[in-house]
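Hey, can you work out the whole structure from these sequences and the hints?
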Amino acid sequence: MISSMNAKHHLPPALRRTLRAALPGALALGVLASPAVAGAAPAMPRLPDVPAVPGSDGIRLPAPGTGSDLPAGLPNRDQVNDAIDQSGIPVPREARDAIGRAFPEAPKPAPKPAPAPKPAPDRNAPPASPCPKTARVCVDIDNARTWLQQDGRLVHGPVPTKTGRAGQETPRGTFHVVRKVKDEVSREFGNAPMPYAVYFTNNGHAFHEGSLDGESAGCVRLNHADAKRFFEFLQVGDEVFIY
Numbered sequence: 021m022i023s024s025m026n027a028k029h030h031l032p033p034a035l036r037r038t039l040r041a042a043l044p045g046a047l048a049l050g051v052l053a054s055p056a057v058a059g060a061a062p063a064m065p066r067l068p069d070v071p072a073v074p075g076s077d078g079i080r081l082p083a084p085g086t087g088s089d090l091p092a093g094l095p096n097r098d099q100v101n102d103a104i105d106q107s108g109i110p111v112p113r114e115a116r117d118a119i120g121r122a123f124p125e126a127p128k129p130a131p132k133p134a135p136a137p138k139p140a141p142d143r144n145a146p147p148a149s150p151c152p153k154t155a156r157v158c159v160d161i162d163n164a165r166t167w168l169q170q171d172g173r174l175v176h177g178p179v180p181t182k183t184g185r186a187g188q189e190t191p192r193g194t195f196h197v198v199r200k201v202k203d204e205v206s207r208e209f210g211n212a213p214m215p216y217a218v219y220f221t222n223n224g225h226a227f228h229e230g231s232l233d234g235e236s237a238g239c240v241r242l243n244h245a246d247a248k249r250f251f252e253f254l255q256v257g258d259e260v261f262i263y
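With the first letter of the sequence shown counted as 1, position 55 gets the number 75 in this note's numbering; the numbers rise by one all the way through.
FYI, nobody ran anything at the bench for these hints, they're computed from the structure.
Here the structure is a predicted model, which is why all the values come from computation and not from measurement.
There may be inaccurate statements among the hints.
Computed cross-link-like contacts, SDA-like style, restricted to lysine to any residue with a CA-CA straight-line distance of at most 25 Å [to be verified]:
1) K182 / S231
2) K202 / S231
3) K248 / G210
4) K138 / R173
5) K200 / R173
6) K153 / T194
7) K200 / G234
8) K200 / R185
9) K153 / E259
10) K200 / H176
11) K248 / R173
12) K248 / A164
13) K200 / N222
14) K200 / L254
15) K182 / D203
16) K248 / P213
17) K153 / H176
18) K202 / G257
19) K182 / N163
20) K248 / D258
21) K200 / P152
Derived CB-CB ranges, DEER-like [unchecked claim]:
22) P150 / N223: 18 to 28 Å
23) A186 / H244: 18 to 28 Å
24) E208 / S149: 24 to 34 Å
25) A148 / N211: 35 to 45 Å
26) A148 / R199: 26 to 36 Å
27) A134 / E235: 47 to 57 Å
28) P137 / R199: 44 to 54 Å
29) G234 / P141: 32 to 42 Å
30) V201 / S149: 24 to 34 Å
31) R173 / R199: 20 to 30 Å
32) A148 / N223: 27 to 37 Å
The C-beta atom is built at its ideal place from N, Cα and C for all residues, glycine as well.
What follows is the structure, given as structure tokens:
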């Protein structure tokens, strides 16, 4: 049949070489059996369809490929074996191996992409809290901590603090720095020192250096280094948020 094809349907050289090499084995295995033989013997299992050779109704071959004598578009070896298995027709192992060698191996599954690395924690992000970005200092009474921030970015802290005791609670809400006194003393408590005092009410409530061992009379106490940092950073008019 191949030899009777018209000149305009000549196969490409690579495909002719593939066909010439495959025909003897195919005939020996009964893959291209004549009608008389095919009628007397069990039909070979139907393999996955591949494109037909132009101008030929009797032989179906893959379309010519590139870079190899084997045409592109062939069913892979696993597909061929699946077709044989599904047919239920017994095929000798030697024949199956010979058929399988004519087809490319099934492509290996692509490796799973590595998970994207988790973003590093933002060390300049303030703690999750209701404190607004506009506040320059935030005080978390329940967790006894406070911190400085600017435009929603952490500047200092969180650091430990002590706030007012029962009956002398530190007020909660939004306030503003009203004045600063570096070497302040409390006349109400016998000239007790209140270094680095930053007042946020006109009722005597302030950030200042003091002991962290007990609760205060309403002020926000800080250790020496933190009180000094708060005093340097906060300016009159800055927003204070206490919750």
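> Which numbered hints turn out to be false for this structure?
Replying inline: none
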